[in-house]
Structure formats: structure tokens, C-alpha cells
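J.: Same order as they appear, the protein sequences are chains H and V.
Going letter by letter, the first sequence gives residues 610 to 1121 in the numbering used here.
Going letter by letter, the second sequence gives residues 610 to 1121 in the numbering used here.
Calculated directly from the structure, the hints in this document are not laboratory data.
You may find that some hints are simply not true.
Pairs involving identical chains hold if they fit within one copy or between any two copies, as the list cannot separate such chains.
Below 20 Å or equal to it, Euclidean Cα-Cα: the simulated SDA-like pairs (lysine to any residue) are [said to hold, decoys possible]: (1) K619 / P959; (2) K991 / V1020; (3) K734 / D1052; (4) K670 / T628; (5) K624 / R658; (6) K794 / Q1069.
2 protein chains.
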Amino acid sequence: MSTISLCEPKYLELKNRLTQIQDLEVAISVLNWDQTTYMPTGGTFARGRQIATLRKFAHEKFTDPNIYQLLEELRAYEKSLPYYSTEASLIRVTRRDYERAVRVPSEFMAKLSQHQTVCYEAWVKAKSLKNFSLVQPYLEKTLELSQELASFFPYKHIADPLIDFVDEGMTVSILRPLFKELRQKLLPIAEVIASAPPIDDSCLYQHYPKEKQLKFGRSVIERIGFDFQRGRQDETPHPFTSSFSIGDVRMTTRVYENNFSEALFSSIHEVGHALYEQGISPELEGTPLAKGTCSSIHESQSRLWENIVGRSRGFWEYFYPQLQGIFLPQLSRVSISEFHQAINKVVKSPIRTDADEVTYNLHVMIRFNLELAMLEGKLSVKDLPEAWNESYKKDLGIVPANDSEGVMQDVHWYGEMIGGMFQGYALGNLIAAQIYEAIVKFDPEVTFGIERGNFTLLRQLLKQNIYQHGRKYTANELINQVTGKSLSIEPFISYIQDKYSNIYNLNFAIIA
Amino acid sequence: MSTISLCEPKYLELKNRLTQIQDLEVAISVLNWDQTTYMPTGGTFARGRQIATLRKFAHEKFTDPNIYQLLEELRAYEKSLPYYSTEASLIRVTRRDYERAVRVPSEFMAKLSQHQTVCYEAWVKAKSLKNFSLVQPYLEKTLELSQELASFFPYKHIADPLIDFVDEGMTVSILRPLFKELRQKLLPIAEVIASAPPIDDSCLYQHYPKEKQLKFGRSVIERIGFDFQRGRQDETPHPFTSSFSIGDVRMTTRVYENNFSEALFSSIHEVGHALYEQGISPELEGTPLAKGTCSSIHESQSRLWENIVGRSRGFWEYFYPQLQGIFLPQLSRVSISEFHQAINKVVKSPIRTDADEVTYNLHVMIRFNLELAMLEGKLSVKDLPEAWNESYKKDLGIVPANDSEGVMQDVHWYGEMIGGMFQGYALGNLIAAQIYEAIVKFDPEVTFGIERGNFTLLRQLLKQNIYQHGRKYTANELINQVTGKSLSIEPFISYIQDKYSNIYNLNFAIIA
């Protein structure tokens, strides 16, 4: 077809422009990474300006009318290609990104960004003073701006565009019934566990020297498959993973000497994100396709490694003897069963980030529902702390000691916006279970590998089915593709029932 | 004047544009710094592309016709202001930079940059195989391109534009007679020292554990005045200093466990560069004025601290007892006089970067003269190794064992170009001596401070006279301003004679 060959140079031009924009985006990421890892405090002011300038240039380059022109000219070429081919996917994903970018006026983005900084600072202060009223007016403005942002897009539910930013294809009409069902199943499970004799996890809270923790963590993530030739691990106050190219993926961790779980499980969590980014097909390098497809799929990969693998009995069959050898005084009298129970202890606690696998989703769904209620105008920011505490009382049976441990615990609403901030965490857990179930069904050898510290098979299957594709598939497309089914809560619930009935020696069948 | 007030918004617009370009330049520096300090090897390919993209954008933004327009519109405003005011200086320096940037076609810059990469790789290989002929054709091309680059500018001598890039205002007609005189004075001094009994510096080549070296070096540079709140020190294969803002200046070092001098003196050298960058007036932050004015003045600051201060007897009166305490087995039997002699040993060696203060300039002038001869067409690249060896025989009395220790020892010609590469090193030594002489004459307390480990006065005088001004003054303007005289070799020669007549117990008066 002559149309195709005519279009190819246009495709190359588009790709070339996108790579240059990507290079600017990466520079922003490097400046951010540097700021949180090694930058001296004196650099703070200029660094803020430098990042803002690069953002502005990247935005200008991407919303350039030439990009629109190229996308229009490439329509026929795109249609002539298989839907999931690299070329068609790049054009399709770029068109979606472009339409999203141009719908929002840049003055609005500047206003939002400025407000986010101010609101974040107010939150830091309000949180340290345990006084929600100090941040309330700012959060009210955030809510207004979030609603305004949504209004630039067509929607069925006002939260849909905000959810779509991070989890493309997910909507309130999909998530509300799904989460309702999830909550109904989880509440009785959490109840039954709460009535069982509590697990003693004091072994995790002894003194674990930092250097030894870092060394052990490093050996674990290397064994799991993190490629240190194509990445690094550094320390930061809050762990994160950042990709500067497929050959340079950086993860960070933090160490608490009196809490063994923190560094290790956050490292395994981040290695899940990092393997995803390291596993993207080199063919996609330098294009917008070269990253994890969305927040929920990304989180599914971190949670799969952190929880399904990293907190499994099989995993510790391999690693526990090594761990005992390194921390002899601390663990010599702790059996593998006791250790495995300790790292899986279920507690109804006020803080999401400390939560176990059973209660974690309950924390997330509380936030999701409050977000919807605020966006819908059914809940005012003024009444948010009360609504928060009521939800916690109802679903977790506790009331936070104060608003810093309650409604102000997470940065998301205060530093970003209201809407789309939390569903990815719960979805990640559901998707992880659904994908893992499908993979083990496909090749049961996976679990035997884990028990022998051999993660190659699992990693290869994930790479082949998920990692390599980058952004070619949306979350829903990928879930269908990999598991043959749409997203459902069943695999997660059955995973939780199996695992915790063993750990707590309970029978959930009666409540199911 | 109404012209002025009309122009002020234009000035702010110019400044704002320049700051954004500066932000791009800083991002490039951060990417470079990251590449040499922490980047995993897997990131190499993408990093090269990322830096090239940012360079391209920075160049585009700077050569934008709007910049020209603004500079034209600001002529009257500039003239209405004092010459060295920040505003007039920014316009003047930007105009010079702009004229330089637009004279060279961007296709030529791309060609040069591409060739530099290829030639650099050929040099790495040729050097490791000790075979100049492998890099010869590439260096021939470099010579051609260097001549072509010069041809875009008006000149008296073909090397002038290339020198002007890094040492604005310096020309062959200034440098050739200056260096001729310098060589005539230095050769007999080096000769007399060579005939004196050699110094035993074996104490420096014992085993000095790395961590202790780094700790001591850090305490020295902190004492000298490096502000760790506004900077860092990291390790790299080749030491350098990079400024990301006045509040974030980073220096690097390298440690050899069997050579005490390397890490310490390269750290003191780099701290000279770093103090300069940290000492620039905050008023200039984010503008093109916010950096050291040129290569020779920058080098004068690093050499002043490294040699005139760091290798002085007074400096070690303060630091030697500490050093002995840290390295007890190594230095317990080495007196301060023996140590001071060891760190000032003069040797006619084949390698520039290992050279002492007396012979260093001889190494540099050999290169300068060879550069001129090649650019003039009087020396072909084919004959360069022979000419190199002849010069070394004549001025240093030695012939390098092979071309890797001879003509291929420095990266400059192979990685950058021929012309303007070396004069800054010799000028730095001359300027350092001239400035230091003037400062001590102005306030002799400076030397007493050094003996007590108190560098505040020296640092303040340097800041006040040099650092704070950034690029407002050219090298020649600054030398005149600070010393009341034009550049001359006398202060350097008299410094060398005083210092080495003491160290070697000689009388140079007879040869002077």
C-alpha cells in the first residue's frame, strides 16, 4: 500500500520527537532522584526552578501542533497495522496522551502545580501540629481544582477522568461494585482473624544493624533478579523506583534498625517495580511505550513480589537459613514458622502503610469512597475528619488517636489531588493474585523454583506476559490477555483464605 | 531617561530566557555528574542520547532570533549603565556568547561532536596498544576541524579564536612572548635543582588506607572553607568540579592507597575551583554570569590552594601533627621538614599531571607550541610524536618510553580539539602567584592565618576580589583590577625561586 510507505517517514519523525521529549522527562527524573538521594540542602531552591523549567519545555514540545499534525497524518498507517504492533501502539498511546495534555489549559496546570506546593507545605505543618483545620482551606481549594480538572474531560462519573490519568480504562462503574464485593468478603475474614489468638511478632523489633540489613536486602533483590549492571539501590526517606532508561533503573530503600520488616519488604516491593522497568523490550527504549502501563499494573508487580512471593513460606524455606546465619543473636531461637507468622501478622491498625495483606485493602477502599463522596459534593472537606474516623470505626474497629494518624496520614490528597489517588493500591493486590494464579496454573514449577531460591521461571513468565510490553496494553487488556478473564476479586480472596487459614489455623469456609 | 525604563522589561525578559537556558545546561551537568559517579554501566547508551538532546535544545533556545532582538533592543540600556554593573555585564557577556554561538553552523558542531566521540574511542584503543598510528588519521581530521572552527571567526593568529573560547582576551601575540620568557627563566632553575641531591619522598608511597585518606581530606577541605551544606565530594576516576547552582557545587576525588599525594592534593585543587563557584554573588544565580570567568582564572584558584597554600610550610605547621596522628605507623619517623620536602620534590618526569610546580609549565608550553605549529600548518600530525619527543628531550632531558607516555598521555587533543587546550594551565600558575603576591602585600596577616589553620581572611579576600564577580571581568581585566598590573611572569618566578631555594638549599640569584 502506498499510504504505508508514504507514512513511514512521518512515523520516524513522530518517534524521534517523542524520544527527545522523553529525554527531557528523564532529565527531570534524574534531577528528582538526585534531589532525594545526594543533593546538598543548599541546592533546593535552584533545583525547584530547574525542574519547573524542564517541565515547561517538555510540555511545550509535546503540545506542539506538529505532534497533532503527525498524529493526524498517521491515522491510515496506524489502521493498516496490527493493533498491538509497536508502531500502532506508539501512535495510539501518544494520541491518548496528547488529547489528555491539550485538553487542560496550561494556565490551569500552572495554577494547580502552584497550589499543590502551598497545600503540601500546609499539610506538613498541620500534620506536625496534629491540627487539620490548618490545612482545611487548602484542601478545599484542592477539591475545587480537582473537580475543575475533571471538568475538562467528558465523563460519566466526575472521578472517572482522574482515575483514568493513572489507571486508564478504569471507571467508577467498574470499581464501585468490585470494591463493594471485596469489602463484603474481607470484613468477615478480618473479623475471624481478629478473634484468633494474636501472633507474637516481637522477633522483628529487635536491633538489626543497618549495614547487615542492607547487605542481606541486596543479596535478596539480586537473587530475585534485579540487574545491578542496569540499576542501583540507594537510601532515601521514602522508597521509590525511577527509570532513566531500560538500562538504568534505580530503586531506593530506608532502614529502621529496630524494625526488620521495613527495609527488606520495601526493597522487595520496589524490586517488583524495578523488574518491570528493566524487563521492557529494548525495542521500545526512548519512546513513551517504555514504561509500566499504569499504576495498578505496576502495583500488582510490586505486591506480587513483596507479598505473594516475599511473604510466602516457600520463599523463606530458601532464605531463612541465610538470614538466621547473618542475625544469629536475634533469630537463633526463632523457628521458620514463627518468623513466617510474624511477617504475616494481621492487625487492625490506623496506618495504611503499616497494614497487612488482609486489612490493607480496607484502608484503601475507605479513601476511595471518601474521594468519590467529596468529588460528588456529598461530603465537604470540613466534615472529612469525622467521616474518616467513622469509616475506620466501622471497617477496622478503631478510631485514630488524632488527625495526623487519621485523615492526614497520607500525602496524596495534600500534595496531588482528590480523585484517582488510591484505587491503584487495591487493584494492584487483586491483579497480583489473579495473574499469579494464572501463572501457577500455566506452570506449577514456579512455586518449586521459589522454594529453591530460583526465580528465573517466574521472572521470565512475567517478562514475557507483562514486562516486555510496556504501555502497549491497558490494565484491562493485559489482565484479559494474561488470565483469560476480566478483573475479579476471586483469586485474591481465595489466596487470602488459603494463606491465612494456614497461618492462623482457621477455617474460612464457613464464612465464604 | 525614558529609554531605560522602557528597556527594563526587555532586560527581565532576557534574564528570564537565559535562566531557563541555564537550567537546561545545569540538567546536562547533573546528567554528566551522575554518569561519572553513580550511573550503572547499562545507562551509558541512553545517557549519551539524553545529553545530546538537552544540548540541542539549549543551543536552539540560545540561538533563537528573539535573543538577538532583545540584545539589540538593550544596547541603549546597556550603555546607560556602569560597565561592570550586573545588568550591563549580563548583556555584554551574553552578546559575546551569542555572537560566538551563531557564527558556527550547527551542522558543523554536530560533525565536530560526532568526530570527537570517534576520535576519543580511537585514542583509548591506540593508547592501550601504545600505537599512535591507530589514532593518527582521526587526529588529522581533528586538526582540520579545529582549523575550520577557527575560520568561522576573524583572527590575527589561527589559534586566537580557539584560545578565546576558554580564555577570553588571551591571544597568541600575548602568550607567545610571555611563555618564551617563562621558559627561559624556568629551564636554568630546573637545571640547578636537577644537579642538587635528590629528595627522598618514599614516605608518600607507603600504604595509606582509603577511608582514612578520605576522612582526612574531608577535614582539610572543610577547614579550608568548602561548605558541605552547599556541596558534596564523591569519588570518580578523574577528579572534577561541577556547579549546579551557587548552593550546590560538587567536587570529586580519587584515592590511591599507595600514593598519599593523589587524593589530598587533587582534593585541595578541586576545592579551589569549588570555593570560586560557591563564592559567586547570589545576585548572579541562574544567569550566565554565575560561573568562574575563564579557564585560566579558574585554574589560578585551584593552583593557588593546591600549591601556594597546600604545599607551603605554614599549611603543614597546622595540619602535619593531625596527619601524623592519623597515620602513625607511616609517618611517626618523618619530620615535618622531610614531609614538606617530599611533597615538593622536583623531578623531570614524562607525565604532565605528575609534574611538580617547577617543571609543570615546561610540560604545558611544549603542548602549546606544538598546537600552534600544527594549526599554522608547520607541523603535520604524522610528525607530531617525533616533535613531541624532541621537545621533551630538549626541555626536560628525557624521552618518553613510548607514545602512550608521550604524545598520547593527555585526552585533550583526542577528545576535544587542537588549539586552546593547554595555555590555561600555565596561565593559572602565573596568575595564582601574581594574585597571591598582591593579596599578601595588601594584608600580610593572610600567611599567619594559614599557619594557624585559619583560612577565613584569604578566602574572604579572594571572594571579595574574584569569586563574587563571576563572569563580569575577563581574565586580563581581573588581573589588572586585583593586582594593579598586567599579567607577568615575575611573581611566579620569584615565588619559585624563594620556595625552592629553601627546599633545596640553593641560591638561584646567580642564574637570575
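J.: Which numbered conditions among the earlier hints are violated in the structure presented, ordered from lowest to highest?
T.: Of the numbered hints, 1, 3, 6 do not hold.
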